[in-house]
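J.: Quick one: dock chain against chain with the hints and give me the complex.
So the sequence lines, in the order shown, correspond to chains L and W.
Position one of the first sequence corresponds to residue 1 (this note's numbering), numbered consecutively onward.
Position one of the second sequence corresponds to residue 1 (this note's numbering), numbered consecutively onward.
A portion of the hints provided could be inaccurate.
[Said to hold, decoys possible] DSBU-like cross-link-like pairs, simulated, lysine-lysine; straight-line CA separation at most 35 Å:
1. L/K53 x L/K168
2. L/K168 x W/K2
3. W/K59 x L/K57
4. W/K43 x L/K150
5. L/K129 x W/K2
6. L/K118 x L/K168
7. L/K57 x W/K231
8. W/K59 x W/K36
9. L/K158 x W/K36
For the record, the hints were derived by calculation from the structure and aren't laboratory data.
It should be emphasised that the depicted structure is a prediction, and the values quoted were computed from it without experimental measurement.
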Amino acid sequence: MSDEEAMMEVQSGNTRMLSVLFERHHRRLYTYLFRTTRDRDLSEDLVQDTFEKIMRKRHTYRREYPFGGWLFRIAKNMLNDHYRNQKLSTVGIEDFDAPQDPRDVERSHIELALMRLKPEFREVLTLTKCQGMRYQEVANIIGISETGVKSRVHRAVKALKDSYVELKMT
Amino acid sequence: MKVDQEMLIKYLLGETTTMENAMITNLLEEDLTLQKEYQELAKIWSELESLPDELPSQKMEHRFTHWLDSMSEVPASRKSSRVMWLRSGRWAAAAAVVLLAGFFVFHQSKSTPVSESRSTVTGIEWVSSPSTTERIQGIYHATMKEHDPAIVQILLKLLREDESDNVRLTAVEALQTFPLTDDIKIGLIQALEKEEKPVVQIALISALVGLSDHDAKPQLEALIGNEDVEKTVKDEAQLGLLRL
Chain L
1 MSDEEAMMEV QSGNTRMLSV LFERHHRRLY TYLFRTTRDR DLSEDLVQDT FEKIMRKRHT
61 YRREYPFGGW LFRIAKNMLN DHYRNQKLST VGIEDFDAPQ DPRDVERSHI ELALMRLKPE
121 FREVLTLTKC QGMRYQEVAN IIGISETGVK SRVHRAVKAL KDSYVELKMT
Chain W
1 MKVDQEMLIK YLLGETTTME NAMITNLLEE DLTLQKEYQE LAKIWSELES LPDELPSQKM
61 EHRFTHWLDS MSEVPASRKS SRVMWLRSGR WAAAAAVVLL AGFFVFHQSK STPVSESRST
121 VTGIEWVSSP STTERIQGIY HATMKEHDPA IVQILLKLLR EDESDNVRLT AVEALQTFPL
181 TDDIKIGLIQ ALEKEEKPVV QIALISALVG LSDHDAKPQL EALIGNEDVE KTVKDEAQLG
241 LLRL
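Chain W extracted, bound-state conformation (with noise of 0.2 Å):
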């Protein structure tokens, strides 16, 4: 039997029957040319399962939240104000927030004993766990407490650094509980610089133009400038420089 590059495409994809198989083998062991070729072929298709998923733009995401959220069975009234929702960072921040808040005291109290649910969060170790319901969680625990220096500044890192848009949201949220220092000012701002996603931008403008921060303006006209920005982020700046 003649082995072609077909017969070794066939080997290749362990398509060959047992007594091929040996064949091949065989003929692998003494046939540099034919070597030669198989370890090419192996190699493309080895190359090929590594190849890593392509990333679609954050657009893409957004778009199907904004339609997902359209979709919701939500009452009429609600349903027509849509636009202003969505303009609203604040209010949808803090819906978000709610809504976390309530599904943990929820899921805790139907799945978790209190106490070991406790055990998770009490500590800062929720900070570096993978798991994002837990870093969410850490964060509503943290500031149930009484209001701790320490925790505004694990706040600001998870707000600079973490990569789930709802860690970064919940944060904002957060650390608007606090009473307002420079360190809370500033981290707000620097993130502001740095935050590429719609929804914790528009919550990002909010809260910085809750709190009245004037410092936040060339942010705010920075981002109104920048072509990249979504035009309900532009907005929502535009309508924050009024305020301010």
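Bound conformation, chain L alone (with noise of 0.2 Å):
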């Protein structure tokens, strides 16, 4: 059954297809906000709250919707609430220098360099990359243009570059 006729189930009233829907994207939508924020108890709530979401709008989705890119999208919303709500218009790299889980100290160069990035350049590398998502998808997702996408993915790379050759060099 793929994801849109598992969200078809749960509109219908079939409400315990949502863990199968739950089952096959909780993680890489974790990774998405974890990579984004870097607060993983934020992260499991909002994967919570996306969810809650998805069952309270059921009704809205259309078959035609990419489940996946419906789920994202939501979950960028929720985010966004967040900051709203935390007044914070996005989170400030200066919060991102060091790594305050001590499991985030044992990983891998590419990954602190990712971690020591703005937030909107690791979202984008984290949907466009690691989640393998058209720049299309992500634009609808983060609510910019396609080109905004492309020169912000353009501008994550060159980051990304500074930022692990800076590492290797401490």
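T.: Encoded structure:
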């Protein structure tokens, strides 16, 4: 059964099918949120909130929407709401200079280099490279133009390389 | 045309034109500095792709399951006793097995010829099947047959080693249908020592208490004193100790 069929089942009242969608997507959604926020507890809360919102908004789903894109767009909106409530338009880069979680310290240079980037750079790199999404899909999720995504990816790659080289030299 | 880092990034991302591609390829062969720059970019890009997914805590999955359970359309009387339901591991585990069994019986009668489905579970090849469904199906069929001590060993192995919570949960329930032996008692206690998933922990506690296994007391006390263990599990262990 495809994601879209499973979601249609949820919509028609078989709410247990949501567990199938959760099983298929919660890790990649968590990965996206964690790589963007660098906050494990917040990311787990947002995954839960996203699925709760899907349940509340299930009547708005249409079969022609790819479920993955819809899921990530809802998650992104939840993330924006969170930042808005926190009165933060974005999270400052200075918050990410040093990993807080001891598990992070052990990670590879590439992950540390990624961690040091601005959240919006981590976001586009995670979505395009790690999640394999096309620019158009990412544009729909984060609410900017496809050209904007492309430009942001280019700047993110450059920033990642600089961050990586800097780490290697220390 | 000048080939700078921006152009190399375009090349890396496959966004250059055919003409640009040809030119950059030539330049990369001739210019060692450019070649080094590109190799660094390509290495970083490739490593980024190989990053594994992040792992959320088990708590997250547990929280989702409980929430979905509360959303299910059940009679109001059952909704109001949700806490009791969660505390009753035996009930939960039994319900899970009944549901699974029902599902398989329904599924097989509807979509799979009986002879074909039996062929996948009559041997013990199902134990190593990569499919969770087949392993659960295997347990179900194995316990329907005459009690065989060899099956007990297989169930204990699944309880110790299987990565699926549902398989371990089904194994706990299946073991309780066998005549009680020291192997089963020891196996259940050892599994409880190692188990981290609350739903399986609760099923194990319930099984041990149901078997009046006093040897389980130290393990129940250890759970109560462990700050990493969920409150619902501690409550079940506390209740179990009182019953023992």
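J.: Check whether the Cα positions of L/K57 and W/K231 lie no farther apart than 35 Å.
T.: holds (32 Å)
J.: Hinted pair, alpha-carbon criterion (35 Å max): L/K129, W/K2. Please report holds or violated.
T.: holds (27 Å)
J.: Given the hint that L/K53 pairs with L/K168, test it: the Cα-Cα distance must not exceed 35 Å.
T.: violated (42 Å)
J.: Is the Cα-Cα distance between W/K59 and L/K57 35 Å or less?
T.: holds (25 Å)
J.: Between L/K158 and W/K36, does the CA-CA distance stay at or below 35 Å?
T.: It holds: about 15 Å lies between the C-alpha atoms, which stays within 35 Å.
J.: Does the alpha-carbon distance linking L/K168 and W/K2 stay inside the 35 Å limit?
T.: Holds, at about 28 Å.
J.: Regarding the pair W/K43 and L/K150, is the alpha-carbon distance no greater than 35 Å?
T.: Holds. W/K43 to L/K150 sits at ~20 Å (cutoff 35 Å).
J.: Checking one constraint from the list: CA of W/K59 to CA of W/K36, max 35 Å. Satisfied?
T.: Given pair W/K59, W/K36 is violated - Cα atoms ~45 Å apart, limit 35 Å.
J.: Next pair to validate is L/K118 with L/K168; report whether the Cα-Cα distance is within 35 Å.
T.: This hinted pair holds, its Cα atoms lying about 19 Å apart.
Against the hints set out earlier in the document, violations occur for numbers 1 and 8.
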